[in-house]
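Undergrad: When we follow the UniProt record's numbering, the leftmost residue of the sequence shown carries the number 1, and every step to the right adds one.
It is worth saying that the hints were derived from the structure and are not from the lab.
Beta carbons are placed, not taken as given, at the ideal position from N, Cα and C, and that holds for glycine.
Treat the hints with care, as some may be off.
[As the list claims (entries may be wrong)] DEER-style ranges, computed between Cβ atoms:
| id | residue 1 | residue 2 | range |
| --- | --- | --- | --- |
| 1 | Phe78 | Met125 | 11 to 21 Å |
| 2 | Arg21 | Thr67 | 34 to 44 Å |
| 3 | Leu79 | Phe178 | 10 to 20 Å |
| 4 | Met125 | Leu180 | 13 to 23 Å |
| 5 | Ala7 | Gly162 | 20 to 30 Å |
| 6 | Leu6 | Leu177 | 22 to 32 Å |
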Amino acid sequence: MIRNLLARMIEGLFQPARSARWLLSADLGLDTALLFVALAYVLQAIIQIVLPGARPLPDGIGHVPLTLHMLNLLLQVFLVAFMSFMIFAIGRLFGGTGTRKRAFLIVSWHTLVTTVLSPPFLIGMASVALGKELSPPLLGLMVAAAAVWLWVLSVYTAVLHGFSNPWGVMGVILGVLFLLSALFMNMVPAP
1 MIRNLLARMI EGLFQPARSA RWLLSADLGL DTALLFVALA YVLQAIIQIV LPGARPLPDG
61 IGHVPLTLHM LNLLLQVFLV AFMSFMIFAI GRLFGGTGTR KRAFLIVSWH TLVTTVLSPP
121 FLIGMASVAL GKELSPPLLG LMVAAAAVWL WVLSVYTAVL HGFSNPWGVM GVILGVLFLL
181 SALFMNMVPA P
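When you get a sec, could you build the whole thing from the sequences and use the hints?
TA: As structure tokens, this is what we get:
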């Protein structure tokens with residue numbers, strides 16, 4: 001079972017359209033989608049433990065309390081729900097055929113599959129938190145991981161809604177991300 005899941009996750013990165021078609025044809029429930037999110041969170045926590053320098057803790061704190069992990073997991077579920085709603089609603093706006101349940105399943109699967117792309121981001125965020133500059137190789141890895149993350153999401157969304165052009169989907173996703181970032185930047189008070 002674990003070997004099959006790992007094979008499906010690898011397929012999800014290297015053959016995202018095939019992976020998305022398999023996922024949607026399996027007709028999995030919301031419980032499975034939530035399991036994908038929880039498993040992604042656990043894998044990311046393991047990566048942070050194993051990878052040196054990926055999670056700096058303030059002085060005097062030896063470990064992260066369980067309550068903080070639970071809050072982070074709830075935040076992860078909220079973010080997956082928000083992202084799946086956006087993908088569902090915007091896809092429908094452009095004539096897509098995906099459903100809310102399938103959008104949640106696709107985004108949950110995307111969260112699990114792209115967990116392997118998190119090490120450059122974890123190290124980069126830890127470096128910034130410690131006041132260090134990002135090295136050019138690390139920055140390059142972060143850009144490459146972000147590109148793969150975006151491509152996989154675009155292909156999954158295209159399959160979900162029955163679109164034939166994942167590049168168009170990628171353009172819409174980038175446009176929405178730009179608008180959301182501009183909106184949130186305007187909500188932050190100026191110094």
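Undergrad: All the hints need checking, so say for each whether the structure fits it.
TA: A quick look at each hint next to the structure:
1. Phe78 x Met125: 11 to 21 Å: holds (19 Å)
2. Arg21 x Thr67: 34 to 44 Å: holds (39 Å)
3. Leu79 x Phe178: 10 to 20 Å: Given a distance of about 18 Å, which is inside 10 to 20 Å, the answer is holds.
4. Met125 x Leu180: 13 to 23 Å: Holds, at about 20 Å.
5. Ala7 x Gly162: 20 to 30 Å: holds (26 Å)
6. Leu6 x Leu177: 22 to 32 Å: Given a distance of about 30 Å, which is inside 22 to 32 Å, the answer is holds.
Taken one by one, the earlier hints all hold for this structure without exception.
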